[in-house]
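S.K.: Below are the chains, spelled out letter by letter.
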Amino acid sequence: MIRFERRRVLCGAGAALLAMPGILHAQPAPFRFGLTPVFLDNDWQLLDFLRVHLSTKMGREVEFLQRRTYKEVTALLLMGEIDAAWLCGYPLLQNIDRLSALALPIWRGQPNYSAKIITRTGRAVQGLEDLRGDIHAYSDPDSNSGHLVTVSELLRQNYRPEAFFDRSFFTYGHRNVARAVARGLAQSGSVDGYVYDAMKRAEPELVANTQVVWESELFGFPPIVATRETLDSEPVQSFFSALTTMRESDAGQAALHMLQLDGFAAPDAHSFDQIAARMRIVAERG
Amino acid sequence: MVKGPLLAAGLLVLVGVLASHLVLRALVNTQERHLREMALLEFAGVEATIGPFLVRDDIWEMFDLLDCVTQREGALQPLQATLIDPLGRVIVSTAPEVNPIGTQKASMIATATPVAAEHYDLSVGEIALSKVLQYQGRPLGQLVIAFDTTGFIAERARTTGFLIAGNAGATLIAALLGFWLMRRVLRPVARLTDEKGRRSDALTPIPDTAIPRRNPEVAKLYDTYNGLIRAVAERDATTRRLADRERFVSLGRLAGTLAHEVNNPLGGLLNTVDTLRTYPERADVVKSAADLLDRGLRHMRDVVRATLDVHRDAPERRPLTLADLEDLNLLIRPEAERRGQKLHWDIKLAEDRVAHLPAGPVRQIVLNLLLNASSVAGYGGEIGLRLEGEGNSALLAVQDSGPGLPEHLQSRLLSDAPLEPGGGVGLRLVRELVQGADGRITLGQSAQGLQEIQVHLPCSGVGGQDA
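Those sequence lines, one after another, are chains H and Z. Following the working numbering, the numbering of the first sequence begins with 1 at its first residue and continues without gaps. Following the working numbering, the numbering of the second sequence begins with 1001 at its first residue and continues without gaps.
What the hints contain is simulated information worked out from the structure, not anything from laboratory work. Keep in mind that the hints are not guaranteed to be accurate.
One-sided excerpt, in silico: chain H residues whose CB lies under 10 Å from chain Z [claimed, not checked]: (1) 171; (2) 173; (3) 179.
Since we're looking at a predicted model, the values are computed, not measured. Beta carbons: idealized from backbone N, C-alpha and C, even for Gly.
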C-alpha cells in the first residue's frame, strides 16, 4: 500500500503555486466542484488531496460545495452555482438536455460498476421474493444503484415496488445503507457496488455482518458532470485535464489511492445505456 | 462494670453505621441529580434537532441522531434510545433488532421512569428514562433513553468500602476511647462494686483516707455508701437483739406454764413431806412417800431441764432424738391443757432419720411454733405436731385450729422484710433458725383441715448420731 505524507504533498503544492507568479497576479475565479455524501463521504483528507492536485494543475483555487442529495447538487449545477459535480448517471440522464458527462472514474480497469442488494450475514435469500415485507434502505431517490435499479428490477419481475417492502427509507449515502443494514435498522438495502467494495477494504468492520444477495448488470460509473454550455470552457477543460492527470502528482495519486480508483477517462457514447434502460422500465410503468 | 463502656462503644458503632447510611444516601441523591442533569441535556439536545426529521419521516437522520447520542462514551453512557409515537409504536430505535420500526412498545413507556420523577431506581446497572418530546408546541412522541448506571453502582461500592474501612477504624478508635473514658468515669462505682463483691455478707466501709475529697461527687458517693454500710450494720444488730429478746419473750410465756408445772406437784410433795414427818416409823409409808417424792421431783427436774435445753444461749450441735420430742410434748402439754386444747402428736420419722436433724434449732422451732399455735387456736381448740420424712428432708408441721396466719405475720415467717411492731414475736426467730439449717418454710393445711406451718429441713443437717 502506498503511503502519502500529507504535509509533504501540501508543501510541494504550495511551492508550486509560488513558482507561478502569473497565477498569483491574475487571481482567476475559483473552480467550484459539487459533491454529495451519497457517493463520496465527508473525508477532509481526501478533499485536501483533491484540492491540492486540482488547484495545482488548473492554476486556480478549487472550492468544494457539498449538499446532502443529488437533487440539490444537480440544482446548483443547473443554476450555474457550481462549475462541475460528481453525480450519478441517473440524475445526469434525467437532465441530459442540460448536462453532459465530463469524465468517468476508472475502477478496476473499467469505467463501470454494479448495483447490489445487501442483507445481514446468514440470511438465506434465493431471490428478491425473499425480501418481500422487509424494511428496505435506499440511498438517494436520484441514485441509480441506490434506488433506480432496485425499483426497476422489482418492476421487471412484476412486483409493485411501493407494496413490496413493508417500509423503506432513504439514508442519503451508500455508506449509510450499509450501516443501516449492518445495525439491523433495515433488513435489506440498495447499495453502490463500488462503495460497498471500497468499504470492505477501508472499513471492513462496518460491513462485516452484511452480505450481497443480489447484484445487477454493469452500469457506467458515476460521472463528473458539467453543463453542456460550459463543457468547452477553459475552466472545465482545465478541470478535465487535471482529472485525467491525477497520477502525475503525489496529491492526485494519494486521492486516487483513497478513492480506490485507477484514474479518470473521457466517457463514451454508450456509457449510460444500461441506466437509460432501467429508467425506461420505470417510465413505462408510469 | 464493663456493661456501661460497652454500651458507649456500641452507641458509637451505631452512630458510625448511621453516619455511613447518611453518606450513602447523600451519594445516591447526588448520583440521581447528576443523572437527571445529564439526561435532561440529552433529551434537550435530541428534542431541539429531531423535530424536522420526524416531520419529514426521515428515519435515517433520526437513527443517526439517536445513534450519536448512544455513541457518547464516559460515565452514564446512553445505551439505547428509542423514539415511540403517541400510539406506542416504535418510530426508530438504536436497537432495531430489539425494537424494530413500527412494533408496539407501549410497555417500554410504562416501565420507563419519567425524567422528571423525584427518585430513580439506581440499584441495577441500567435505567430507562422517558420524556415527551415537543416540536412547535406539538407532542412528537416519547423518547426513552436507557442509561448505563454501572458506574454509579461501582462508585457506591467503592464508597461503601471506604466508609466501612474508614468508619470501622474511626468507630473502633472512638469506641476504645469511649470504653476507656467510661471506665475512668465509672471507676469509683467499680470500687463500690468490688467492695460489695469481695465479701458478700460483710460490707466494709471505704477508709476515709481512700475517699478522694478533691472530687466532691465521688466523695459524696463514698460517704453515702459508708453511711449505708453503717445503717445496715445497725439494722443487723437490732435484728439480733430482737431475736434474743424474742427468745426470752417465749421463755417468759413458758414461765407461767413452768411455774404451774412446778407448783402442781409441789403441794403434793409438801403433803408427802408432812406424811413422812408424821409416820417416820412406818416403813411402808416412808417408802411410798419416798417414791412419790422421787417421781414428783424427777418430773420437776425434767421440766426444768427441758426448759433450759430450749433456751440455752449456744444451742448444742447434737443430733435430735425422740427424747427431745418427748421433752417438747412435756413442755407444751400443760399449756394445751391449761387452754383446754386437744394436742395431736404424730411422729412418723424413725429414730435414725430423726438423728440427722439438729437438736437445738428443732427444739426452738417446734416450741415457738407450738406456743404460737396454742395462742391462736384459742380455748378448746386443737394443736399438734406432725413429723415425717419427705425424700431426703424431714417435714415438721405444726398444726392449729386457728383462722390461719395473718398476712403481716406471714411476712415475718416467710420473708426478710423489716419487722413491724406487734405479735408473732417468735416467728422471725423461727425463720432465722430454719434458714440456718438450710431449710424452708411453707404454709398449708392438714388432712383434718388444721392450719399448718410446714418446716422442711434437710436430713443431712447433722452428720449422724455423733455429729
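S.K.: Taking the hints in turn, state whether each one holds.
M.R.: Each hint tested on the structure:
1. Given the 10 Å rule on beta carbons, the hint for residue 171 (chain H) holds: about 4 Å separates it from the nearest Cβ of chain Z.
2. The closest approach between the C-beta of residue 173 (chain H) and any C-beta of chain Z is roughly 8 Å, which is under the 10 Å cut-off, so the hint is satisfied.
3. Interface hint at residue 179 (chain H): satisfied, since its Cβ lies 9 Å from the closest Cβ of chain Z, which is below the 10 Å cut-off.
When held up to the earlier numbered hints, the structure conflicts with none and fits them all.
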